[in-house]
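Engineer: Could you build the full structure based on these sequences and the hints that come with them?
Protein chains: 2
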Amino acid sequence: MDDHAAPSAAPPTFGFGTHPTKYRHWKLSFEGEIGRLTMSVRDEEPFKPGYVLKLNSYDLGVDLELADAVQRIRFKHPEVKTVVVTSDKDRAFCAGANIHMLASSTHPFKVNFCKFTNETRLSIEDASAKSGIRFLAAVNGACAGGGYELALACDEIVLIDDGSSTVSLPEVPLLAVLPGTGGLTRVVDKRKVRRDHADVFSTLAEGLKGKRAVEWRLVDAVVPRSKFGDVVAERARKLAAGAPPKQKVTAGAGVSLDDVAPTIDGDTLSYQYVTLKLDRAHRTAELTMRAPDAAPPADEAAYVAQGVALWHLRAFRELDDAILRLRFHYEDIGLVILKTRGDAAHVLAADRALTAHHDHWFVREVELLVARVLRRLDATAKSFFAVIDEGSCFAGSLLELALAADRSYMLEDPDEQVTVQASAVNGGAFPMAHGLTRTQVRFLANPSRADEALAAAAKAPLPAGGADKAGLVTLTADEIDFADEVRIACEERVSLSPDALTGMEQNLRYAGTESTETKIFGRLSAWQNWIFIRPNATGERGALTMYGKPERPHFDTRRT
Amino acid sequence: MDDHAAPSAAPPTFGFGTHPTKYRHWKLSFEGEIGRLTMSVRDEEPFKPGYVLKLNSYDLGVDLELADAVQRIRFKHPEVKTVVVTSDKDRAFCAGANIHMLASSTHPFKVNFCKFTNETRLSIEDASAKSGIRFLAAVNGACAGGGYELALACDEIVLIDDGSSTVSLPEVPLLAVLPGTGGLTRVVDKRKVRRDHADVFSTLAEGLKGKRAVEWRLVDAVVPRSKFGDVVAERARKLAAGAPPKQKVTAGAGVSLDDVAPTIDGDTLSYQYVTLKLDRAHRTAELTMRAPDAAPPADEAAYVAQGVALWHLRAFRELDDAILRLRFHYEDIGLVILKTRGDAAHVLAADRALTAHHDHWFVREVELLVARVLRRLDATAKSFFAVIDEGSCFAGSLLELALAADRSYMLEDPDEQVTVQASAVNGGAFPMAHGLTRTQVRFLANPSRADEALAAAAKAPLPAGGADKAGLVTLTADEIDFADEVRIACEERVSLSPDALTGMEQNLRYAGTESTETKIFGRLSAWQNWIFIRPNATGERGALTMYGKPERPHFDTRRT
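Heads up: the protein sequence lines correspond to chains S and A, in order. Residue 555 in the numbering used here sits at position 555 of the first sequence, and the numbers go up by one each step. Going from the second sequence to the numbering used here is simple: count from 1 and add 1000.
Treat the hints with care, since some could be wrong.
20 Å max Cα-Cα, derived SDA-like pairs, lysine to any residue [as the list claims (entries may be wrong)]:
(1) Lys192/S with Gly1471/A
(2) Lys192/S with Ala1470/A
(3) Lys192/S with Pro1431/A
Residues from chain S shown here face chain A by an in silico Cβ test under 10 Å; the list is partial [to be verified]:
(4) Gly183
(5) Arg237
(6) Val249
(7) Ser497
(8) Ala526
(9) Arg558
In short, the hints are calculated from the structure, not lab data. Just so it is clear, the structure is predicted and the values come from calculations on it, not from any experiment. Using N, Cα and C, we set each Cβ at its ideal position, and we do this for glycine too.
Structural biologist: And the structure:
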């Protein structure tokens, strides 16, 4: 187990943005309403040296491109109604996450890698559910593990009938880990495979094909090679025909997403609207989001014409990038202090525009992106404290940061200049993973208070007293105590066990109902994390470690 | 970490049954409709030598008595409408699970201990929800960790206001583990404490008291010492007045539960209706349940008069005991083969009686107990295969075993003597932890098929062909192949990683919605299991290991 290894001091070396012109592993093409996302992994170009990406197996580099492609289709190609996900390798659709990459990764990297790939698959489902883009997995070869989990994220799965290609989840029998990228959950909860069939399937290393794969609901159709292309094309057209129309799509109206990357100066990462300052000695970071510099254009055409410069899009893409950097590059940072700066009136004006033009496909995509970024924050294994202090603008979309935080501290200033304010977006534009808003979760005990709190905070800016009364902030303190109170809380937080905090936060953040998404992060990932550090998987003689070696793995046989 | 230790070869030394006359740690008393369950833990009588049970801290011995008391109140004291849970220690309500016991236990024991204590607390909530027995935690002293989790399982919590007594969940700050006996889940999901308040509370080792404890919904009332007894008595009366009436309760009608314990002969454990045969070499066990020897009396009075001898009660109490033994004593057994023997007609007759007399409080309690035992089976970290072979009687209540199993194998015999059959109980008498029946979970893809399958199987016994068609069994084979097929499946199963199987099964068994109970076992326990084997908790310098020592624990600071 690598868990006892000293934290690596290596500097962060990679970014998260990419572009189709830079893709190494995917081909993206379009024909009218049909997009085609073709997996074409280059064996010899792993993200980190040390393994070969055989048979369309993937690593973080491959998945960053996939995540970019899905996002890009939504923004750049609003005309697309179906995306066919397939492979250009002979007899290999996708072999799943690269085993040697996994086996040679630290536990934190494994967990972060799986979380990211889960989010990518969830973004596919989000595109289907919210943007009406249907995904069709055209499984034209062997489809194993994470490969099948990718197919499971699609709306339909068509498997080639070539006598050999199967779908399989061989993680349990071959590697002693779980199909943790949503596999187990999606098999029984999304595709509603009978649990006993799922049990047989998930222990069958070679997988299933043919009639039984269809009967057991593992795939939607099995098609001979000779007809495969035609059937896929026909199904893609049908899916497109059934997709809901997008509003106000005009030819060539797609928005090209540019690269979002910070300027890094020592321990400060600067974006246009986001600044991330690391305090490595204290294991904290300060993440500041800034309001727009002005109100947006009132006219819809002018508002939409801002494209990638539109504040919500730019600012939350920057936040997304900062969160990923915090996860992957700054493992030792335990606590992120969320701050805001700027004119709340501009945030509220931006929110009004977002709400007013919500029926425009592009504006809707911006709103959906903000929601996904906030869900990424919810699922991040760091503590978040919002600090509502002088110069802050926790209004509307930025108030959502305080509601997403584990706690919020608000300054009681005598002039009542420090305030929070709500806007329409807090009422449902940015649902959490289980579909509830962050105010609904906050007021589960008394659901009507969620509306009351938002109404009070929408009517006028609330200073500390009012915000506390409305239940929107955790703790308030006056100018004499505020700085000390926050400092002590931060010091206490980072003194606690990082693991216990992760477990605690993941249990406290998602009160209320559960969804496939929260089951994946709450139940499946928690079990997967456990199994990842069990000697049976990652010990010296564990199955993941021993994979590909002639000796059999050794198991501690005690059932736990 | 004790995880690498060789499996202990020590023989099982303890049973699970007890009786009020044998209680060491609890006092049980009654005054009309009000029961009183007083925690009075004897410091010097731990379940295993090596630690002292200070301040009403508990171990398995204490919890076995509590579980027994809750069960016994339901069967022996149908007149009881409120149970006051309190302590007779000065200034100590309950300090939670004994830390030294936990720190000195193996990982499998810790997990099994927590699972059992969770089931005990869930049985309190089951008694409240299903039997109309309200529980009032009269917290008359310090109430920490598992002590507060016990209070959380009650319907109401009254905290004494004596200047010092608090409620607290100090697990994260003091021990680097989670309040895993439902604490985190119940705080936000049951008591609906605001998540930011829960965050502050769960990191505050000293806990909260007074007005803030009430405002934050952690307790229902805070009462000065001088009025504590009166207020508790008054609230207990009110709770009793609001409890739904029980049907057909007559004076002295309570049923005394006798001890259920097997005769152990080598590797065979024999009860009246249950036999458990261990095959240690193959890491499997065969658990056989037998049908009643005759149909039950038709007359309600005579049926009820059977008391503890009533087949459902006896047989499923035996199953419960066998499951607990499998969990605690036979950690190396990975697979349990479920079999049945006897006359299906007698099972169906017993089911008809259970259904017909369901409005009698005692019969209802029997039904609820059977449901709890089956839920205990669902939550057990062993694989279960049902083998439906010659002489079997998988009918009604016993069919539920096949539906609970991970898989079922059914013999196709030429004479079609091997059958399965449904009864009314399969339609909802024994819900799973999330409230769905096992047939509903099975047919999530097509809910009407659940009813169709049960209707077909209720009309007449279904031989293998019909059972397969109805979707009630996993695999069928004829006499030539059956034995080999089952043998190979068993061998394959036990060859897989025990950890991976546990994680897989816990993700496949509970498709569909989630409840507090499934969140506790699926989400909270999974995170707890992970944290229990992290060096930050149980490593040489982990917080649980170092508790009580002068040195500070050492944490790997990487957030995962």
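Engineer: Does each hint hold? Answer for all of them.
Structural biologist: A quick look at each hint next to the structure:
| no. | hint | verdict |
| --- | --- | --- |
| 1 | Lys192/S with Gly1471/A | 14 Å, holds |
| 2 | Lys192/S with Ala1470/A | 16 Å, holds |
| 3 | Lys192/S with Pro1431/A | 19 Å, holds |
| 4 | Gly183 | 9 Å, holds |
| 5 | Arg237 | 26 Å, violated |
| 6 | Val249 | 35 Å, violated |
| 7 | Ser497 | 3 Å, holds |
| 8 | Ala526 | 4 Å, holds |
| 9 | Arg558 | 4 Å, holds |
Checked against the numbered hints above, the structure violates hints 5, 6; every other hint is satisfied.
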